[in-house]
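2 protein chains.
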Amino acid sequence: MKKIIVQKFGGTSVADIEKIKNVARTVIKEKDNGNDVVVVVSAMGHTTDHLVKMAKEINPNPSAREMDMLLSTGECVSIALLTMAIQAAGYKAVSFNAIQIGILTENIHSKARIIDIKTDKLRKNLDNGNIIVVAGFQGVTEDGEITTLGRGGSDTSAVALAAALNAQRCDIYTDVEGVYTTDPRIVPKASRLDVISYEEMLELAHAGANVLHPRSVETAKQYAVPLRVRSSFNIDNEGTLILGVEKMEINKPVAGVASDLSQVRVVVCDIPDTPGEAATLFGSLADENISVDMIIQSYARKAYNTNDIAFTINKEDLPRTMSILDSIKTKLSAGDVKVDDDIAKISIIGAGMIDRPGIASTMFETLAKNNINIRMISTSEIKISCLINKEDAQKALKALHSVFNLEAEESADVKGTLPDED
Amino acid sequence: MKKIIVQKFGGTSVADIEKIKNVARTVIKEKDNGNDVVVVVSAMGHTTDHLVKMAKEINPNPSAREMDMLLSTGECVSIALLTMAIQAAGYKAVSFNAIQIGILTENIHSKARIIDIKTDKLRKNLDNGNIIVVAGFQGVTEDGEITTLGRGGSDTSAVALAAALNAQRCDIYTDVEGVYTTDPRIVPKASRLDVISYEEMLELAHAGANVLHPRSVETAKQYAVPLRVRSSFNIDNEGTLILGVEKMEINKPVAGVASDLSQVRVVVCDIPDTPGEAATLFGSLADENISVDMIIQSYARKAYNTNDIAFTINKEDLPRTMSILDSIKTKLSAGDVKVDDDIAKISIIGAGMIDRPGIASTMFETLAKNNINIRMISTSEIKISCLINKEDAQKALKALHSVFNLEAEESADVKGTLPDED
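Chain order of the listed sequences is G and V. The numbering of the first sequence is the numbering used here, which starts it at 10 and goes up by one. The numbering of the second sequence is the numbering used here, which starts it at 10 and goes up by one.
Keep in mind that the hints were calculated from the coordinates and are not lab data. Incorrect hints may appear among the rest.
Intra- or inter-copy, both count: the list cannot distinguish identical chains.
Once the Cα atoms are required to be at most 25 Å apart in a straight line, the calculated DSS-like pairs of lysine-lysine come out as [claimed, not checked]:
hint: 1; residue 1: K65; residue 2: K30
hint: 2; residue 1: K120; residue 2: K101
hint: 3; residue 1: K127; residue 2: K40
hint: 4; residue 1: K230; residue 2: K11
hint: 5; residue 1: K12; residue 2: K38
hint: 6; residue 1: K30; residue 2: K101
hint: 7; residue 1: K30; residue 2: K62
hint: 8; residue 1: K65; residue 2: K101
hint: 9; residue 1: K28; residue 2: K65
hint: 10; residue 1: K230; residue 2: K120
hint: 11; residue 1: K65; residue 2: K38
hint: 12; residue 1: K62; residue 2: K101
hint: 13; residue 1: K261; residue 2: K120
hint: 14; residue 1: K404; residue 2: K198
Full structure from sequences and hints, please.
Encoded structure:
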């Protein structure tokens, strides 16, 4: 049996006719290597923005179901055009949307998770010599409802397909050269990583590195799919390979530094110090699929027997969070709710920090030396994150990138570093 | 059980945000009348043209399968936006594409015929109080391949849905006020018909009146679905009702006059006068789904024992026809093939002509008086068509419209008479 390579091209890679033809050449090159190829594509360039704009003009609060119906059309345009481009070069190719394949998801609109992918149609068409072009970002429920996978969904589609097909590798083609030690737009001496572990990549992604959506990395990790992030426009550069940590040789304690400006801090004041209050609060948020990142519960003020609970969430979840808090405030007998969006989360990530003491203290010292106040801290085995004031984010990133010896010899040649749209 | 009304809105009726909101108001008005409403929409304005242009830039001969994948996205955008507009007015609505409903077609790309429509999902959603918005023009094969229905396909989708749901009526909203006695762009005194029979409408459509595609009228006739053609922009005008001829009172022998400039005449010369030659010729064309309209076989030239066969086809089928003729020429031992595209077909249509002799001779005399040469003639029970030179088409149309007393008191107020795209 031939090896299967899954390739994913984001919206900027298929933004116009010439770029689609370029993608076709990249796809064909892999086919000519003797591999079976499955290609996942996003909507062309700013298609999604255009569709969202029309929707908002018609209905300021469009239903999530109809938004999914609307947005899923963008990928169907891309797959048809890319398939035509591949056929124009004399190769057999066929396009499929998510309904046709059976990319089964949960019944949640606008950010569904993939449950299962049927492979019979894919295998049959590969066996017939076809290059298969699949619409990313979309799925279908058991009842035939069209869903979308949320931000970075096409990456997840590609990885899930690679897992389902037991593919040799999943190549994520994008408009950057790979995964960097930090954002090259802020730190020009950021260096490209040749290899990184799923675990580190996950923490990097959660910490605000926009190259890959965390969900796609989680899926790759779960099914041990080797993932390569590489440039659509410079295919001779092999980019960054993402693997299981057990397959890597780790030299540096810290692999990367990231900042995340997308969070807001919410403080619920004066929650009575009785058991179950935190569970009520976070349970209600979880019921609505709102992810909470950092949490700090202040020491109870013994005089009043109350706690303050501070947590961070993604900015776009704030309106829903506030309405949930409003509805449970009475039940919690809580006081004021304060919101602070003038914050940044800065993180250092490295599988090597497990065995090396002193990394955390180096981080805190470096921030202190630069007069940067730490407002919250969270840690995992391979990550340390500090919440700081937004105005200090760039300064912190540069200082940490330097102190952990991540600088490249030369400045990175950054062509474009905006994340692909889906 | 509530009555079901199916409404269809073409591309010009949903060309922009304001027009979509206008359509939503028309839909809601019918719902407020106490009816269940199923709406079929085409792609917005020039969406299809735009998609076709991109496809041709990528591949001058795009595969029909991928064109169907590409073009079917246009209707999915429309249904999502219209559903959002209806919801914005506080009404329950839900959109479905052809795969979701199960609008089953033959496995022929770009001009499939509908075989069956599943109604369980539709009925369930109507029973839940939803207005249902369905993507026109598209279908799905049993194998899950996406098909499109060809020109006028959305009309056919609407009529087929009305038949499947046993609807009270199917209203085709378009940019004209109804069906006219002839093209008001050419004959300003064309009058709008209040009622016309399926049979007459079919002949009118085949004769080049662009208001409705023949296939939709055939389907309406087959299932006795009352059809109303009316204006999207003037919904107080009830337009033209199309019914079975048995339900009509017929006053005039001729209901309408039409010209068709879309045909070409092909002459295959010197076909040996042996049995089966015509069958080989037209069988080969039929195998490729090429419709032949008029046919004339000249008297055999006894000296050579050969015939000339002349026939007319649609212009867009000419390249395929020529390649078929090329492949069977040797088998037929035929001579030259001549093509003449400088022709027009002019037709008079009327269910009333069955019982009234002299209609044909009036037609031929009128053309003769105007110095118009007749090159071929074909007739049906309710239609007489003459092939004439293209330059005479307008003159013929005006003369026939006048001689059969079809003129309105006043000139028609023609807002737009281009057919809707699908």
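Evaluation of the provided hints:
1. K65 with K30: Cα proximity of K65 and K30: across copies only (13 Å, versus 32 Å in one copy).
2. K120 with K101: between (33 Å within a copy, 23 Å between copies)
3. K127 with K40: within (23 Å within a copy, 40 Å between copies)
4. K230 with K11: within (23 Å within a copy, 54 Å between copies)
5. K12 with K38: Only inside one copy: K12 and K38 sit 14 Å apart there, 58 Å across copies, limit 25 Å.
6. K30 with K101: Classified as within; 15 Å inside a copy, 43 Å across copies.
7. K30 with K62: between (28 Å within a copy, 15 Å between copies)
8. K65 with K101: Close across copies (18 Å), not inside one copy (40 Å); limit 25 Å.
9. K28 with K65: Cα proximity of K28 and K65: across copies only (15 Å, versus 29 Å in one copy).
10. K230 with K120: Intra 20 Å, inter 45 Å, cutoff 25 Å: intra-copy only.
11. K65 with K38: between (41 Å within a copy, 23 Å between copies)
12. K62 with K101: between (36 Å within a copy, 22 Å between copies)
13. K261 with K120: Answer is neither; intra-copy 36 Å and inter-copy 62 Å both fail.
14. K404 with K198: Classified as within: same-chain Cα gap 14 Å, cross-chain 79 Å, threshold 25 Å.
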